[in-house]
Each structure stands twice: as C-alpha cells, then as structure tokens.
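Number of protein chains: 2
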Amino acid sequence: MEASFQKLLAISRELALLGYAQGVLGWDEQVNMPPTGAPARAEAGAYLAQKAHEILSSPQVGELLEKLSGWEKARDPHSFEGACIRRMRRNYEKAVKIPADLVAEMSRASSEGFQTWLAARQEQSFRLFAPKLERLVDLQRQAAQALGFRSEPYDALLDLFEEGTYAALVEEVCQKLEEGLMPLVHEVAQRLDRVDDSFLRGSFSKEAQWQLNLEALDFIGFDRQKGRLDQSAHPFTSGFYPGDVRLTTRFGDSLTSALFSTLHEGGHGLYEQGLPEAWWGTPVGEAASLGMHESQSRLWENVVGRSRPFWERFYPRVIHYFPELKDRSVEDFYRAVNRVEMSLIRVEADELTYNLHIFLRFRLERQMINGQLEVKDLPEVWNEAVKATWGRPPAHDGEGVLQDVHWSGTSMGYFPSYTFGNIYSLQLVEAARKDEEVARGMDEGNFQPLGRWMREHIHQKAGLYSGLELLEKVTGRGPDPQPYLAYLRAKYQEIYGF
Amino acid sequence: MEASFQKLLAISRELALLGYAQGVLGWDEQVNMPPTGAPARAEAGAYLAQKAHEILSSPQVGELLEKLSGWEKARDPHSFEGACIRRMRRNYEKAVKIPADLVAEMSRASSEGFQTWLAARQEQSFRLFAPKLERLVDLQRQAAQALGFRSEPYDALLDLFEEGTYAALVEEVCQKLEEGLMPLVHEVAQRLDRVDDSFLRGSFSKEAQWQLNLEALDFIGFDRQKGRLDQSAHPFTSGFYPGDVRLTTRFGDSLTSALFSTLHEGGHGLYEQGLPEAWWGTPVGEAASLGMHESQSRLWENVVGRSRPFWERFYPRVIHYFPELKDRSVEDFYRAVNRVEMSLIRVEADELTYNLHIFLRFRLERQMINGQLEVKDLPEVWNEAVKATWGRPPAHDGEGVLQDVHWSGTSMGYFPSYTFGNIYSLQLVEAARKDEEVARGMDEGNFQPLGRWMREHIHQKAGLYSGLELLEKVTGRGPDPQPYLAYLRAKYQEIYGF
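Same order as they appear, the protein sequences are chains A and B.
Note that the first sequence ends on residue 1873 in my numbering; no numbers are left out.
Note that the second sequence ends on residue 1873 in my numbering; no numbers are left out.
Heads up, some of the hints might be wrong.
The list treats identical chains as one, so a pair stands whether inside a single copy or across any two.
[To be verified] Simulated crosslink set (DSSO-like; lysine-lysine; CA at most 27 Å straight-line): (1) K1426 - K1469; (2) K1581 - K1601; (3) K1382 - K1426; (4) K1448 - K1469; (5) K1551 - K1848; (6) K1762 - K1551; (7) K1809 - K1551; (8) K1469 - K1848; (9) K1701 - K1581; (10) K1448 - K1848; (11) K1472 - K1448; (12) K1472 - K1442.
Derived from the structure by calculation, the hints contain no laboratory data.
Quick caveat: nothing in here was measured; it's all calculated off a predicted structure.
All chains should be modelled from the sequences, with the hints used to inform the complete structure.
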C-alpha cells in the first residue's frame, strides 16, 4: 500500500511540475510578454495542459486509487495520506468524467469566446458575442451532465470551484446576505454625498505610489524576499512555490487604486507563502478552495486595509510619500477609502455593494445552465435587474452584461466564490478575535497576530480540508453571512450616520 | 513517406514546446526569481529536460529516421525536408549514444560542480574545486567515448557545440590567428598609456544609461515590439520565438559597460528575431550554430559598436543623456572604447586580447579530455601560460583558473565557439561589403543595409546549414582568420600609432 501511495505522490508531483511550468508561462504572459509572442505561448500552454490531463486521467491513476481505497478508509480523511488520496480522487474523477473531445472543444470555444468577447466589449455589442456564449453555455451544460450533479446541472459547476456547494445553498446564503444588505444600501444611497474622496483623485507620482505599495506589503507581512510585485493589466497572484509568490497590481485614477489591488493580491500572496513547503507537489500542497483564498484577499484588502486602525498606522507613510496631502486627516482618508459609489461595474464596486453584482451573475448563470434563460434574452434581463437594484440601467452592454471576462470562457460557477470569500473572511475574523492578542492587535493597527493566526489555522492546513470543511472546523459552522453583515452595518452606519 | 516526415515534425514540435517552457523558466530564473524559488525551479527544469530527452531518444524517432533515409537521400541536404531530417538525426544520435545514467550523472555533477565552483571562487582556492572538476572531466571523457570521435576524444565535444569542427582544425585556426595577433599585442602593450578611458569611469545615472541602451537597440534594428531588455547578473539572450526575444544586460563600472553588453546581446537578438516564424518548432527553426550566433553578437558589439562611424552617429545621443561629457570629442569616445587593457579576466578583455583567453582554455581542456593533463596540475600550467602571454601571473585562482563558469559544468568544447564567432564575423563583413549599399552604409554609420544583409544571408537560413556550411556558402571558404586579423591590424595600428 505504501508503495502505491508513493506512486500516487510521484504522479501528483509530475502534475505539479507541469502546472508550475504553466504558471510561470502564464505569469510571464501577463507581465512581460510582447503580444507578438502569443502564438508560441498559447501552444506551449495548451501542450502542457494536455500532458497534465493525460497523466491525471490515465488508467494507472484509477487503478492506484482503487487499490488504495481500503487503506484510505482506515485513515482520518484529514490526515496527510487520507486527504491526499481524497483530493487526488476528486481531481481524477472530474478529469475522466469529461470526455477528451469535450475538453478540447471547451478549450477552443474559450479561446474563440475570449477573442470575440474582447471585440464585442469594444463595440459595446452583445449581439456579436451571443453565438459564442450560446456555444459556451451548451458545452458547460454538457460538462455538467458528464460530471453529474446533486439537483440541477449548475450544481456540478459550482462544485468545481467550491467543493460541496450547490445552487440551493448558494441561493440561501445570498438571500440571507441580501436581506441584511439591502436596507443598508438604501440608507447609504440617500447619503452618498456625505463622503468625499475627490482629494484622492488627480496626478500622483507613480514612483512614490510604488514605494507605498511595497511598504503596504511589508506592513501586512508579505515576505518580499520570497516573492515580488509587478504591474499587469489585470492584477493577479501566482503562487509558484511558497518561496516564489508573484503579485501584480495596476495603477488607477485614484491614489489608492493600486494600493487596494496590492493589498488584495497581498492577501492571496500571504496564503501562498504560508502553504507548507514540505507538501509542495502533493495533492494537499495547495489552498483549501477558491472561496477560502478569496477570504484572505478580501480580509487584507477590506477588513484590514479599509479599517480605521490600519489608516492610523499607515497614514504617516502616505503623507511621507505625498506631503501635498498633509492637510487631510486620518479620518478624511478612512472615510474616503470607504466611500460608496454604487458603480455598475463589478471590479470598481465598493465593499458595501460588491456582492450585489455577484447575486445578479449567480442567478443569471444558474438559469442559463439549467435551461431557464436563453442567451438571447440575457441583456434585457440583466438590464432590468440592474435597474431594479441600482436604480439605473447600464448605458450600454460594455458596462452591462459584457463587463466581466468570466462568461467568455468556461468559468460559469466561479462568481459565488467571491461572495463566499467575503462571508468567510468575517467568520474567520470573529474566530480569530477570540484570541486576545489578535483582537488587541487589530484594534491597535498591529496586524501581525492576525497574520500569524491565519497562517496557523488556514494557510498551514493547505488542502487537508475543503474550504467548507475548514470553515466548519475553524468557526464551528457553515457559511453564515451574519458576522459580515454586522461588520458592514457597524462600519457604514458610523461613516454615513444613519 | 510524407506521413513519416509529418510525424517527425510533430515530434520536433513537442521538443520545441518543452524547450520553450524550459527557456521561459530559465529566463525568469535569472531575471525575476527570488533565490528561495530555486528548489522548485531546478526540479521543474530537470523534469522538462528529462521529458524532452525521453521523446528525442525514443525508438519511434529512430524508426522514423530509418524509414525516411531513402527519402532524405533523394533530396538536397539543404532543402527544408533534407535539413530537417539531417538535424533531427544528429540530435537523435547524440541523445541515444549517451546512456541515460551518464546523462543523469552529468546533470548531478554539473549542479554540484557549479555550487562548489561558486564557493571555491569565493575562497580563491582551486583545491576545493579540484575533486569536482576531476569528476566532470571523467564524465565528459566517457561522453566523448560514447559519442565516438574523429581522432581524439576532445573532437567529440567540439562537434557538440560547433558541428564539423575537431581539435586539429581548431588548433590550426587558432595558430594562424595567434601568429598574426601576437605581434600586434606586443606593439600595443608598449603603448598602453596612449589611450585614456578614465572619463568613462565614475558615477552615471542608470536611468539615462538605460534609455541610451534602448536607443542603441533601436539603432541596430532590434525590434523592441518583439522583445525586451532586462537586467541580470550575467547578460544573456533567450529567443523564445521570433516574436518574443529577451535580452539582458548589466551595469558595470564604466559608462559603456552596459552599452556593449546590450549591443552584444542585441546581435544575438537580431539573429533570433530574424529566424523564419514559419519554421519555428521544426528541426531547422533555429540558428545554424553557436559559432554563427556568436559571429552576430561580436559583429554588433565590436565591428559595429566599436567603429568610428557608429560613434559619429551615436555620439549626439550619448551627449544628450550625459551632457557632462560634452567636452569630450567623438574621437575621444572612439579611442576610449577601444582601449586595450590586457586584462587577465576573459569577460573584461578588450577586442584585441580576447582570443588569447580562448587559446589558453581550448588547449588546456583539450589536454585534460585527452588525458594529457591532470586536473591537479591545472593551476600551475594555467599560471605559467598566463605569465608567458600576459607578462604577469594571476594574483590568485579567482582571477586565474577559477574565473569562468564553463568548467564547473559539462561545457568543455564550448570556448572555441567564441573565437569562431570572431573569425566568422569579419569573413561575413568582407562578403557583405561586396554589396555597395552595405559598404557605404557601414562607412557612413548607417547599419541598416548590413542588418538586412545578415537577415537575408544568415538569419533567414536558420538551420538549413551547419555553421561551417553556411560560412562556406556565404564566403566561399572555411574559417579563415585573415579578414579578422587585417581588421584588427588596421584598427589598432591607427589607434595606438605603430
């Protein structure tokens, strides 16, 4: 048995090495590559992915898992061995259930979908994109059928991104969150002019912003000796290895745009740096789930980075780099970075209204995958829903249904991870604050104890648990929007005075 | 037959994709990677190399080549098909002749050798490095035996790096070059104080140097839309794809250190950008040889970059960025960048004495591989030879026998490529100048016609010919040091006045 398990680990390592190479190629593509390098890059990426899929779905893996099933049952499912086998089985089953030609077809449709989406968004015309989206929805429905599901096809896709979730659960969680959120949104919407962030807009030295961003990473405990920060059009994090974690950020039209991008990616980066090096390349050597990953990024971006204690500590550094703002108080900054704008664009949304964007996308993609909404009707339904919630419809498809990249590929089922991340983050903070040092630190602007707590309870557990399991283990319950709602309520009531 | 050939191309493409991924990983390692990323990077690189070796040396390749041998004979060996089969056969035979455990052993010995060399150089102690070097020499002798050779084991290694060369030929070429060179060196050595480059030393803005380097790349025709320039500890060029060519440079203690590094790598880069995109991934989709590659880098670094017409054109840009040097004339710059220093360090050597370093290394590694020189005697022999040629022995092993990285791995046989590159470059210039536009351009500081000529006659031929074959085709003869000697003689007689 031990030999079979070692063989399984060797296969996992091969997959990790192929994934590692893909990761480096992908990072370089977004950070350094000239556009004329694209043909070779796309081909090399596809080749490595195909090799990995061949290895993962080989009969040998099935036989090893079969052999090891008794051995596995005799073990704690959250022991290293138990979790390795379980995670490998999950990956293997997903890989073999989807036929090779469907995989290839999805890959082609994604490439074409992405290119068409770029053009359609440019033209602000959904009509251009509709045929590709129809094809993508169809292929994802086929994948859902092949994978099998709990109650409805969309469940299969949700489970791909956040293990153990399903549409009814997501709807229940979103509803609870929405019920608590909407009254707050309405209160704030009547007082939008109470917060001013105009002093953050204008022309600020990029060199100084860059230094400030590096200091922010140091401040939250990201180890720049074991990683780096670069620029890219869309910020992202690549954890190649715990000792080599790459973050990117981008400058925006506000002084703090890059800062919050950096803090967000820094949160992802802390997770990647905190994974146990010894487990690298094993099935459990990675994060528990996407939702859990998002909990860490939202934690450092919002719960920490938009908190008053953070600004009390960080304010002198901001003024050091931007002395022209020295007449602005800590309080001015704290309020400005928490300004609610009710943007129709998800990636520009403030903390309060961000999840409204997710509710909309989740519900529409659920209906499309389950066959209750036709692609051709999507823009109309989208625009009506936006009008109902935000009080105004999008000016055009570019700031409406075409704004996100996700539907141009095969990522339906991904959006809810963002909301889970938000919800998890406050559940985790609630648990972490039971540690007095963490609570005192957070109140005083010293976030090292919080970082250590996350490292011990979340990062170091790597993939021993699924995201939902780890949440349950650490907080004693499943996804519960109440701590998140309580946090938002307290914060925005105080800032907007209602 | 056509089907077998297509299959061969498909295998070549797989090898190219694996090599491509290794290339990106290697570039990133030297440009971006934090040192703590090394363990995963080394493992991933070794894994990709092993996969490529498995594919190249598989019986299937042997069978395809066997099947295609008649087809090949019916074709021009320099047609696309003929050259593809010939190049694939050469690679295949080298791959299968060296046993897998010898390959693995060489890889391990290289890694250990490199680490030990770093430490030994730091300590300036050859004794520390000697056991590793003994092992490396032994393994390379085994490889030479396995590969087979013309007259002596070292021939096998030379042929690895520059197809068709062998020790007796290299010695003959080096002797001719040396005979012409030494009288020049002696003349110049008596007049070293006639040229002053002290004004190039000091503290110059790196930002301004960077801009100047970018302009130099533009000036020689390197397309920065299809590549980029970065910094690394050791300058190098990675041609991932004709549309994605990466150069690196480094700042030195002279204003022009980075500039000449950049021009050197720019020459390599022009070759890589000039390879036909349609042939990428086929056996002929790469440069003719290392020596031919080096001819292009030395061409742009020295023959162009250290010429008077180059400085007449480039001088205003230098003064634009460094107005503090405006009292210095074009002539001051031209003389300064051609100053002979007789450095004992190869990588710091001037154009005149550079090849003396190669003669020394070539002769010593030849003796070691052929069993005529024991590793333990190496430093003594080295130091005596240096004293005889340079007039003074190295102060310690660090500036002597330990100075180069090559012997810490399995690169014996590589050094002569540098001298071939120098010799080729002037033979090519002689041929190119028969084109009037090229000659006039070079005299007037317009190097575009020269660049176009090289693209047409060298770069676009890619791997249809070996380096020696291409040289013969383009210049009508084999390696001939006379044009190079005539060039050096005219240049240094004028500068040093003898």
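Each hint tested on the structure:
1. K1426 - K1469: both (16 Å within a copy, 26 Å between copies)
2. K1581 - K1601: Classified as both: same-chain Cα gap 24 Å, cross-chain 26 Å, threshold 27 Å.
3. K1382 - K1426: Intra 18 Å, inter 18 Å, cutoff 27 Å: intra and inter.
4. K1448 - K1469: within (21 Å within a copy, 50 Å between copies)
5. K1551 - K1848: within (22 Å within a copy, 79 Å between copies)
6. K1762 - K1551: within (21 Å within a copy, 85 Å between copies)
7. K1809 - K1551: within (25 Å within a copy, 82 Å between copies)
8. K1469 - K1848: Intra 26 Å, inter 57 Å, cutoff 27 Å: intra-copy only.
9. K1701 - K1581: Within one copy only: 18 Å inside, 32 Å across.
10. K1448 - K1848: within (20 Å within a copy, 71 Å between copies)
11. K1472 - K1448: within (23 Å within a copy, 48 Å between copies)
12. K1472 - K1442: Answer is within; shortest intra-copy Cα gap is 20 Å, inter-copy 39 Å.
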